[in-house]
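Student: Chain by chain, the residues run as shown.
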Amino acid sequence: MTDGPASSAPRLDVERLRRDFPILAQTVRGRKLVFLDSGASAQKPRQVIEAMVRCMEERYANVHRGAYFLSEAATEAYEAARGAVARFLNAADPREVVFTRNSTEAINLVAHAWGRGVMRPGQAVLVSEMEHHANLVPWQMLRDDGRGIALRVCRVTDDGELDLEDLAAKLADGKVGLVAVTHMSNVLGTVTPAERIVAMAHAAGAKVLLDGSQAAVHRRVDVQAIGADFYCFTGHKLYGPTGIGVLWARLEHLDRMPPFLGGGDMIASVTLERSEWAPPPAKFEAGTPAIVEAVGLHAAVDYVTALGWPAIEAHERALVDRAMRRLSGIEGLRLLGRAQDRGGVFSFALDNAHPHDLSTLLDRAGIAVRAGRHCAEPLHARFGLEGGTCRASFGLYTTEEEVDFLAEALVKAREFFG
Amino acid sequence: MTDGPASSAPRLDVERLRRDFPILAQTVRGRKLVFLDSGASAQKPRQVIEAMVRCMEERYANVHRGAYFLSEAATEAYEAARGAVARFLNAADPREVVFTRNSTEAINLVAHAWGRGVMRPGQAVLVSEMEHHANLVPWQMLRDDGRGIALRVCRVTDDGELDLEDLAAKLADGKVGLVAVTHMSNVLGTVTPAERIVAMAHAAGAKVLLDGSQAAVHRRVDVQAIGADFYCFTGHKLYGPTGIGVLWARLEHLDRMPPFLGGGDMIASVTLERSEWAPPPAKFEAGTPAIVEAVGLHAAVDYVTALGWPAIEAHERALVDRAMRRLSGIEGLRLLGRAQDRGGVFSFALDNAHPHDLSTLLDRAGIAVRAGRHCAEPLHARFGLEGGTCRASFGLYTTEEEVDFLAEALVKAREFFG
Amino acid sequence: MFDDLRDLYQEIILDHGRKPRNFRRLEDADLSARGDNPLCGDRMDLWLKMTPDGRIADAAFQGRGCAISMASASLMTETVKGKSAEQAKALGARFRELAMTGACPDCGDLAEEMERLQPLAGVHEFPSRVKCATLAWHTLNAALEGNKEASSE
Amino acid sequence: MFDDLRDLYQEIILDHGRKPRNFRRLEDADLSARGDNPLCGDRMDLWLKMTPDGRIADAAFQGRGCAISMASASLMTETVKGKSAEQAKALGARFRELAMTGACPDCGDLAEEMERLQPLAGVHEFPSRVKCATLAWHTLNAALEGNKEASSE
Ligand SMILES: Cc1ncc(COP(=O)(O)O)c(C=O)c1O
Ligand SMILES: Cc1ncc(COP(=O)(O)O)c(C=O)c1O
Chain P
1 MTDGPASSAP RLDVERLRRD FPILAQTVRG RKLVFLDSGA SAQKPRQVIE AMVRCMEERY
61 ANVHRGAYFL SEAATEAYEA ARGAVARFLN AADPREVVFT RNSTEAINLV AHAWGRGVMR
121 PGQAVLVSEM EHHANLVPWQ MLRDDGRGIA LRVCRVTDDG ELDLEDLAAK LADGKVGLVA
181 VTHMSNVLGT VTPAERIVAM AHAAGAKVLL DGSQAAVHRR VDVQAIGADF YCFTGHKLYG
241 PTGIGVLWAR LEHLDRMPPF LGGGDMIASV TLERSEWAPP PAKFEAGTPA IVEAVGLHAA
301 VDYVTALGWP AIEAHERALV DRAMRRLSGI EGLRLLGRAQ DRGGVFSFAL DNAHPHDLST
361 LLDRAGIAVR AGRHCAEPLH ARFGLEGGTC RASFGLYTTE EEVDFLAEAL VKAREFFG
Chain B
1 MTDGPASSAP RLDVERLRRD FPILAQTVRG RKLVFLDSGA SAQKPRQVIE AMVRCMEERY
61 ANVHRGAYFL SEAATEAYEA ARGAVARFLN AADPREVVFT RNSTEAINLV AHAWGRGVMR
121 PGQAVLVSEM EHHANLVPWQ MLRDDGRGIA LRVCRVTDDG ELDLEDLAAK LADGKVGLVA
181 VTHMSNVLGT VTPAERIVAM AHAAGAKVLL DGSQAAVHRR VDVQAIGADF YCFTGHKLYG
241 PTGIGVLWAR LEHLDRMPPF LGGGDMIASV TLERSEWAPP PAKFEAGTPA IVEAVGLHAA
301 VDYVTALGWP AIEAHERALV DRAMRRLSGI EGLRLLGRAQ DRGGVFSFAL DNAHPHDLST
361 LLDRAGIAVR AGRHCAEPLH ARFGLEGGTC RASFGLYTTE EEVDFLAEAL VKAREFFG
Chain R
1 MFDDLRDLYQ EIILDHGRKP RNFRRLEDAD LSARGDNPLC GDRMDLWLKM TPDGRIADAA
61 FQGRGCAISM ASASLMTETV KGKSAEQAKA LGARFRELAM TGACPDCGDL AEEMERLQPL
121 AGVHEFPSRV KCATLAWHTL NAALEGNKEA SSE
Chain Z
1 MFDDLRDLYQ EIILDHGRKP RNFRRLEDAD LSARGDNPLC GDRMDLWLKM TPDGRIADAA
61 FQGRGCAISM ASASLMTETV KGKSAEQAKA LGARFRELAM TGACPDCGDL AEEMERLQPL
121 AGVHEFPSRV KCATLAWHTL NAALEGNKEA SSE
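Chains as they are written, first to last, in the working numbering: chain P, 1 to 418; chain B, 1 to 418; chain R, 1 to 153; chain Z, 1 to 153.
It is worth saying that the hints were derived from the structure and are not from the lab. A few of these clues could be false.
Said to hold, decoys possible - Pairs of lysine-lysine, DSS-like flavour, derived with a Cα cap of 30 Å:
#: 1; chain 1: Z; residue 1: Lys131; chain 2: Z; residue 2: Lys148
#: 2; chain 1: R; residue 1: Lys131; chain 2: B; residue 2: Lys412
#: 3; chain 1: Z; residue 1: Lys131; chain 2: P; residue 2: Lys32
#: 4; chain 1: Z; residue 1: Lys19; chain 2: P; residue 2: Lys412
As the structure is a prediction and not an experimental result, all values here were calculated from the model.
With the hints as extra help, turn the sequences into a complete structure.
Tutor: Printed below as a string of structure tokens:
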């Protein structure tokens, strides 16, 4: 042990781990690639790619269905992935982990099976102004489905934090059945106070779904400590494959929910007249699942876990501090969101350049940022930025030099547009 | 040109193409692997694996969202996959191709968006006794949803063919809004007369969904020639990745259908009050799609197309003839289904062995077959085989020697159980 | 070709599989349960007749399934007769260990009973078949605890 | 750092982007349409005033978008004035080709007009930006055909 927190904190060896990501070594239009769009989707380390290849080259067959060697091996690998995700979220039981295509499908699953199957007319769903469309549109569709379920929207403060007074006010009449809010904004970087939200919601008789699509990448998540009812994240943002996401829910909730999709593997018995559902999680996994992708997600979870959350979080804090300092100093640049607790996602607008023009410019410098409204139109409207913003988002492999390079490029871009 | 159809028919070089499938080279419990479960899920050629690896190592980013190089490249690859699938099915327009997780999700999508969104109370869905649960359970759920939509079931003949008289009778009152039947049975191998079904259904005012999960692997499919309204298949059975499937539907139908899942990428605009949907296919692809898997599916489609349907179909005919001859001769073996038009899927039961015991035995000989009811419980009940069957199903890489080996093993297995 | 499978399919298993003992309905049963293995389609009904002091006086079953599940149910009904509910449950726990690992180091106190169940130990090499062997015991537990349904899922 | 982008962002583009011409509402318009690029959030309203013999007497627009889309709309309104509906549509078809390929081999008959639109040719190197340049022309087509909505999706 050394003697101070600063020196004892584990550090990420970023230069070394970058070698795990083959894609980062390339040049783009003659410039070194500076990939700052991990918030949209992260790159994949070779450990993930290799796990998928091994699965397809050595141990592949359909799962849950065959009593022969390959199928048993594939089933074991698939269920081991479920176990790994359960540990990753500190779930009480692997049966609480349902594999979906992505976060979007996980939330739609809850909107159907809980929203239409368990909630009652007169109840409301409470979302916030900073939701990704994935956590807004399914609830609008539920509201418009003629079942008498209302939709409420919690305000966001000018600093880009959840307005907890407004939350309390909107919970007060006890009609909210479900609070569905993001655990980290994909635009503002804001990390929301999950434990407090859960405590407030539970006190008002509401369940809580947390959209962890961003949070699970940047923070250690403990669903039991948070006390959530539903939690979801998406594989491709966690350095894992596309085509796989996770819904975690308390077993008692999954038991109460009717199934969402019908088909093979989700039934206990089928006659032409009726079907009996299998117990969770099978009940919610109709058809052949994303087997190879589950194996890849397992490798991704292992990869992140092996690096260790203290090191990952320290690295991210350093990047966030650097970005705050460098970006705040740029004339004519408006930064969206100044939350106390924030992760490595920064959205901004230049006073003399449209975000699309800016991102084209940055692309020429090899810098990949995203331009638009980042699937959060209402939030952009809230801040009067209907035209959108540019967003830089960081990953494990992001370096402080890249942050500096972005800042320099922004200064030059402003000159360019004069 | 040579002078006769026999000699001019292209042949598959099976020994050579087997080298494309790394997994087939292994031994299982000390025996050479004889993989006869392609009907559950097929193995992947290295061309598919390599396409996925290249995507993740060289050209990966989220699609449709970034105006930078990698995202443009990924979007191009994703949309090129859509184009390849459209050509594979001879669709009129790539916008008719919707990517789903698998066939199961494709059918559920239709059950929600067409069944709940377009069909009217008093109408019926007509399935058959030989449906996979994927094409039965979603319709049962629709029937039980309180919308006044009935479910009818077309009989199967003792030979395992669709009973077309019964089909006509059940269409006669004009109340059937949708006929949803398999294009090839995953138990009986029966290929159903798609064009005739479509003609009969259309004459009776019904639309037609064909479940092509098996058919698309064994036959060239031309959705325009068939005249279908909806067609689906699943990537993992077509030598492609898990986590991706396809719904094809006529554009005019997709235009009429409300969306199924809500989220990012499927909307034209979102305010807190309401959302406007994007045009198809985006309307039906909420959230980050299975990008890498779409690229892999593209490679799979190319692989099959390069081998050529005439050669693939000739190979399959040879295997089917061989299997019919060899399996029919085994004492005490009951073969399910004797359809005129059939593909390489054989389900059978031994008189002195339960299918699970039999499959365990065969596994010891290195033979992978599936035991159970193959997600077709009603069909097994129809044939009085509630205990299930064993199923051997063939792929591109299946050899006549493997068929012979299976037949010999079955003879010995019957002796074993005495 | 299948010689090495004689470990799993010992003659006694095949025999109990073909001619299961206690394969009948107990009309005056005190306890009963239905067991299901949705994956295989195995299904069984189990009936128990209890003595006044809480021992299993008679056990019988009916159902369909593979040789392993039928033999396991057959052997179970033979083995649990005369046992108290506690003893039968303890035996079931040990048997599940045997079926999963092939061994049961702590089985000293139930050595004799475990000896009779030993022919099923070979199933541990076949992960997807373990449930066939344990279904009967899950169903027994359910019956003893007053549940009507058991599943080996 | 960005010198090679002067091809795309020529001074004339930046100028029209910053100070779009004909950026106003036409109160007495004969035709109008709204154009949307849902991906970018670009949106514009286009108004046309026609002469009795079917030529475009005046064209004006309002909206929001990037420099490319504003400049393209601005240049378009300047270029189509005095054109018949057919001519304007033909021009639009050529422009879309220019924006997608960077060249327009068949543009001989419209050489003069295409010359004015040439500054936008650089967009063809940026696949995701082509739609920004063509949105105005899609909207023009919609207006001329009596549709109220256009989308560059
Ligand atoms: C005829 C048929 N339909 C549907 C399915 C379901 O396919 P998936 O599990 O990929 O959704 C299958 C295969 O399992 C099948 O054989
Ligand atoms: C906060 C948040 N929620 C939901 C999503 C949707 O994730 P996916 O597209 O993988 O379903 C995203 C990312 O796009 C996100 O950032």
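Student: None of the hints should be skipped; say for each whether it holds.
Tutor: Verification of the supplied hints:
no. : hint                 : result
1   : Z:Lys131 to Z:Lys148 : 19 Å, holds
2   : R:Lys131 to B:Lys412 : 26 Å, holds
3   : Z:Lys131 to P:Lys32  : 27 Å, holds
4   : Z:Lys19 to P:Lys412  : 22 Å, holds
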